[in-house]
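There are 2 protein chains.
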Amino acid sequence: MIDKAIEKYAILITKAIDTYLPIDYPEGLYEASRHLVEAGGKRLRPTMFLLAADAAGGKIETLVSAALSIELIHNFTLIHDDIMDNAELRRGKKSVHMIWGTSEAILVGDTLYSKAFQTLGMTQVEASRLITAMNILSRTATSICEGQWMDLEFEDRDDVSEKEYMTMIEKKTGVLYGASASMGATLSGASEEFVRGLDEFGRFTGMGFQIHDDVLDLTSTTSALGKRRGGDLIEGKKTLIMIHAKKHGLKLSAFGKKDATQQELEENLGLLQNGGSIDYARERAEMLVKRGKRALDILPDTQAKTLMLDLADYMIYRKY
Amino acid sequence: MIDKAIEKYAILITKAIDTYLPIDYPEGLYEASRHLVEAGGKRLRPTMFLLAADAAGGKIETLVSAALSIELIHNFTLIHDDIMDNAELRRGKKSVHMIWGTSEAILVGDTLYSKAFQTLGMTQVEASRLITAMNILSRTATSICEGQWMDLEFEDRDDVSEKEYMTMIEKKTGVLYGASASMGATLSGASEEFVRGLDEFGRFTGMGFQIHDDVLDLTSTTSALGKRRGGDLIEGKKTLIMIHAKKHGLKLSAFGKKDATQQELEENLGLLQNGGSIDYARERAEMLVKRGKRALDILPDTQAKTLMLDLADYMIYRKY
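In order, the protein sequences belong to chains A and B.
The numbering of the first sequence is the working numbering, which starts it at 69 and goes up by one.
The numbering of the second sequence is the working numbering, which starts it at 69 and goes up by one.
Keep in mind the hints are simulated off the structure, nothing from the lab.
Among these hints, one or two may not hold up.
[To be verified] What the simulated footprint calls covered on chain B by chain A, stretch by stretch (three residues with Cβ under 8 Å from a Cβ of chain A suffice, anywhere in the stretch; the number is not a length):
id, segment
1, 86-98
2, 145-157
3, 191-202
4, 211-225
[Claimed, not checked] Partial pick of chain A residues on the chain B-facing surface, computed with a CB cut under 10 Å:
id, residue
5, Gly96
6, Glu172
7, Leu175
8, Gly177
9, Phe185
10, Thr187
11, Arg207
12, Met355
13, Tyr385
Glycine included, every Cβ here is placed at the ideal spot set by N, Cα and C.
Construct the complete structure from the given sequences, taking the supplied hints into account.
This is how it looks when you write it as structure tokens:
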């Protein structure tokens with residue numbers, strides 16, 4: 069059921085890209101700007117946005133531009149993050165800075181950033197609702213920057229706590245899911261209580277999503293991930309899995325070792341599995357999703373609500 | 069007179085920074101974000117914004133946050149531009165990426181970007197006016213990216229025309245001055261015709277400002293500029309001066325030569341002066357400012373209008 073819904077909304081978003089991100093002048097900038105946006109991804113954030121709008125009785129057709137604005141913000145952050153991480157692949161394609169260069173990739177991210185606000189601004193809804201949505205979006209973008217700054221700081225630290233990690237992923241990933249759900253609701257005229265509940269739903273399931281992403285980075289395949297498997301490990305990222313492993317004295321030879329061999333990676337993965345670090349992360353992700361789902365208790369039972377609950381599960385049971 | 073006004077508005081803006089850009093968590097991000105913003109600059113864009121608001125009968129006190137949003141956008145573009153240009157100095161201080169690193173400087177720019185929209189969103193005015201202002205700001209930010217992309221493209225080209233250069237500086241510099249004036253007016257409830265006139269005023273004087281900036285880059289001093297004199301020349305920037313020089317067959321040995329000596333720079337400057345390239349740029353700047361000032365004909369004669377006309381002259385007669 070949820071697969072069908074995701075597919076349906078993804079088609080709406082892909083169509084909207086042509087309308088709201090046309091190839092303008094200078095063409096090179098817009099071609100580069102569409103490279104990653106068109107490469108797809110699952111469009112889970114706009115899907116959550118549109119389901120929340122549906123649950124709040126909003127008109128989906130008039131809100132596609134606003135849902136796209138979330139996807140554009142997401143893509144801008146990926147492009148800038150890939151520069152910072154020297155990441156070569158994203159969604160199975162070369163990253164923007166690998167093709168066009170770093171300066172150009174900075175600009176492409178900046179362009180998607182303002183296009184997100186332009187696109188949101190074109191949404192045909194009551195002015196006061198639109199202001200609220202714009203304020204959510206700008207606050208969220210700041211929060212993402214704060215989370216990414218923490219992530220960068222973690223690179224030089226050996227004592228990152230689980231609590232700090234949780235704050236980091238809340239800012240870096242949670243709030244954008246929170247914004248997706250709460251903007252969808254607020255633009256549909258939902259009550260404050262309703263909007264708060266949806267923000268909580270998005271934020272906690274988004275954190276679960278991020279932890280599951282960390283798990284997939286180790287347990288999935290390079291082709292399914294669209295980027296190198298084990299990337300976080302060899303980059304020395306302080307994920308929840310690594311924080312758990314360190315606390316339990318696991319010796320991971322590939323940690324922070326960019327030229328680690330495939331065999332080393334497999335051995336490290338075995339250690340993490342036997343040491344319980346991966347199961348621990350899985351459990352935490354499940355708890356967060358449970359907490360997020362509970363926040364939907366205030367909603368009346370509708371098909372949209374059922375789909376949102378399914379989406380929450382999908383976020384941590386997906387294979388890639 | 070205009071000096072006093074600039075000083076007065078600069079103080080308002082500097083105060084507003086404490087309110088709207090507080091040192092939040094993570095502290096490092098906010099310290100880095102305030103580095104350039106606090107270094108000052110002349111605050112000409114918010115000055116133009118507040119004069120336009122005054123001319124339109126707006127309440128200055130309620131619009132300081134909106135004026136600051138323009139300054140934050142300006143600072144974000146400087147920080148990202150300095151990364152792209154490998155610029156070491158800005159406003160007499162080390163550039164953000166030189167102190168904190170490139171990844172961090174990307175994030176600092178991104179943070180100021182969203183803070184600009186947050187700050188604008190806090191402005192206490194009628195919702196429909198605020199939406200219009202937000203739409204101007206996002207459209208303008210996109211345009212700046214387009215201009216900067218063109219500027220990057222020019223680096224690899226030998227055949228940049230004067231017309232292309234004009235389009236580039238209109239996007240990169242002109243539109244933000246246009247936004248300053250038109251946002252100030254629109255938030256004060258001015259008519260569409262009034263707002264259009266102010267946009268034109270800002271856009272053309274802003275282009276004059278940019279050409280004058282190119283002139284100062286060659287004719288001022290490193291200490292007055294707060295960055296290395298002749299930087300554009302040795303970086304091989306295709307400014308109007310260089311386009312004129314090329315057209316008239318001047319041979320500039322320091323062009324694009326990063327290790328050019330001081331003597332070489334002086335000799336090149338002499339060539340540009342004798343060849344008429346600098347005078348040509350000065351004349352073009354004057355013409356643009358004249359055209360911008362003419363757009364204010366629709367305004368009633370007020371003290372604010374007189375100051376705006378003075379500001380336009382200041383933009384191309386300032387010494388640094």
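A quick look at each hint next to the structure:
1. Counting residues of the segment 86-98 of chain B whose C-beta lies closer than 8 Å to any C-beta of chain A gives 5; at least three are required, and the coverage claim holds.
2. Taking a C-beta to C-beta cut-off of 8 Å, the segment 145-157 of chain B contributes 3 residues in contact with chain A, enough for the three needed, and the coverage statement holds.
3. Counting residues of the segment 191-202 of chain B whose C-beta sits closer than 8 Å to any C-beta of chain A gives 5, which meets the bar of three, so the coverage hint holds.
4. Counting residues of the segment 211-225 of chain B whose CB lies closer than 8 Å to any CB of chain A gives 7, which reaches the minimum of 3, so the coverage claim holds.
5. Satisfaction of the interface hint for Gly96 (chain A) is found here, the shortest Cβ-Cβ separation to chain B being roughly 7 Å, below the 10 Å cut-off.
6. A distance limit of 10 Å between C-beta atoms decides the matter here; for Glu172 (chain A) the minimum to chain B is near 7 Å, and the interface restraint holds.
7. Evaluation of the Leu175 (chain A) hint against chain B yields a held restraint, the C-beta minimum of about 5 Å falling below 10 Å.
8. Taking 10 Å as the C-beta contact cut-off toward chain B, the hint placing Gly177 (chain A) at the interface holds, the least distance being around 8 Å.
9. About 4 Å separates the beta-carbon of Phe185 (chain A) from the nearest beta-carbon of chain B, less than 10 Å, and the hint is met.
10. A cut of 10 Å between beta carbons decides the hint on Thr187 (chain A): the least distance to chain B is about 9 Å, and the hint holds.
11. Interface restraint check for Arg207 (chain A): the shortest CB-CB distance to chain B comes to about 6 Å, inside 10 Å, so the restraint holds.
12. Hint status for Met355 (chain A) relative to chain B: violated, with the closest Cβ pair at about 25 Å, above 10 Å.
13. Interface hint status for Tyr385 (chain A): violated, as the beta-carbon distance to the closest one in chain B is roughly 32 Å, over 10 Å.
The structure shown violates the earlier hints numbered 12 and 13.
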